[in-house]
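K.L.:
Listed in order, the protein sequences are those of chains A and B.
The numbers in this note's numbering rise by one with no breaks, and the one at position 225 of the first sequence is 225.
The numbers in this note's numbering rise by one with no breaks, and the one at position 4 of the second sequence is 4.
Read the hints as simulated data drawn from the structure, not as lab findings.
Virtual Cβ for every residue (Gly too), placed ideally from N, Cα, C.
Watch out, some of these pointers could steer you wrong.
What the hints assert, rightly or not - A short, non-exhaustive set of chain B residues, derived as facing chain A with CB atoms under 8 Å:
1. A31
2. E34
3. I36
4. I52
5. E74
6. L78
7. E120
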Amino acid sequence: MPSRAPAASKAVRGLVDELLAGDKRAAAKLISLIEDDEPEASAALALIYPHTGRAHYVGFTGAPGVGKSSLIDRLVREFRARGRKVGVVAVDPTSPYSGGAVLGDRIRMADTGIDPGVFIRSMATRGHAGGLALATFDAVRVLDAMGMDLVLVETVGAGQSEVEIASRAHTTVVVEMPLTGDAVQTMKAGILEIGDIYVVNKSDLADTSTLVANLRFQIEERDGWRPPIVSTSALKDGRVDELADAITKHRAFLDSSGMWERRELQRARQEILENARRLLATRVRAGPEGSGFELLTQAVIARRLDPQSAAVRLLRSEASSPRSAPRRPRSSP
Amino acid sequence: MAKKIRVLMAKPGLDGHDRGVKVIARALRDAGMEVIYTGLRQTPEDIVEAAIQEDVDAIGLSCLSGAHMVLFPEVVSLLKKRKAGDIVVAGGGIIPEEDIPKLKKAGVRVVFGPGTPLKEIVAFFEKAGAAKGA
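Pulled out of the complex, with its shape left as it was, chain A reads as follows:
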């Protein structure tokens, strides 16, 4: 194996063995280890990665309060009734002031987590923008390796430009609700272009037909898939089965059209590049005082050099100075 990740300790190997046998406590411990970026995080991920690639990753995005958590709870029950094992990773924001967070997605998932075929994990963004945490898709992989058939990912629900999820999930579900604005809202770029499936939730509270019609007018076929629009009521269990059907159908479409492989390819490329970028930045910043980075910074401040030329020089010197293996490859969100 070409991996340069450090060898795993006996304790981590033990945890991974337990994870592969389906142990929930081991899964939880491994997610923490990765999330806290502990020294053995890379070793753990390297052991887990070969056991991933089977689960269907489904992302949920949409404004706060549209009902993502409630919808996920009902979907988990629906998929369980169909005999599928389901993992959930639910992301909520970290306070930029205190670094703390209140993670409340589990409230809507009350006793669902007690089912042996379900695993729910709450996660704080810890300063990462874009609606996900840095470790979100690492956690997804832990649940994939654990044997979950589907892993549902709930983003923080930031609003209009939270599109990162679409590049990482196999299927992206955009959740909307009625009474949230006029037809122009559905014309705006960003979140309304990324959905593979659109949901208009809270159909028990208001008429959804206007929003459904507006969405239908805007949504176009992409790569041979026309995103369906499903109106649901998560609280009244209205048509959640139709949403489950749509998710299953999208998976079948990805498999039969070759899109699954295409998305894998895009994702792998993107992940390698993001890791390379992060590792490079870490190495450059970690350089000793008086290093190339420091000298170049001074030159830029003194207007002797522009930032772009400085970057070119930095890359050249980085390439010619081999250092120890980077500590932490990770699957970026």
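Place chain B on chain A using the hints.
P.N.:
Below, chain B alone, put in the same frame as chain A:
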């Protein structure tokens, strides 16, 4: 990234009073901790399962219904049964003075009554988290 202290705040049993638990969740958040709040009317099984999946350092149980003598020890014993006895359990709410020694004997680490300064509660969870992270 430094290790974050994670705390589960839970309301066991049939008790709809959640003002106190929310105040504490907020205080722990402001102290930089990650607080998972699971809402009202949880069974001890729900709470223990959530604590394991969330890999928390400690659980804060809030009870104002009078059923603490059954519910709190049940959470402690289920944790032990699931080999998660290292998770610290704290209790709070309307707890008669004479019940406190019995709860502590049953494995509840500390009991906070009404009027406890938030600082004291924050300090307890910080210490519990630090001890477990070591």
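K.L.:
Which of the stated hints cannot be reconciled with the structure, identified by number in ascending sequence?
P.N.:
Result: hints 5, 6, 7 break, sorted rising.
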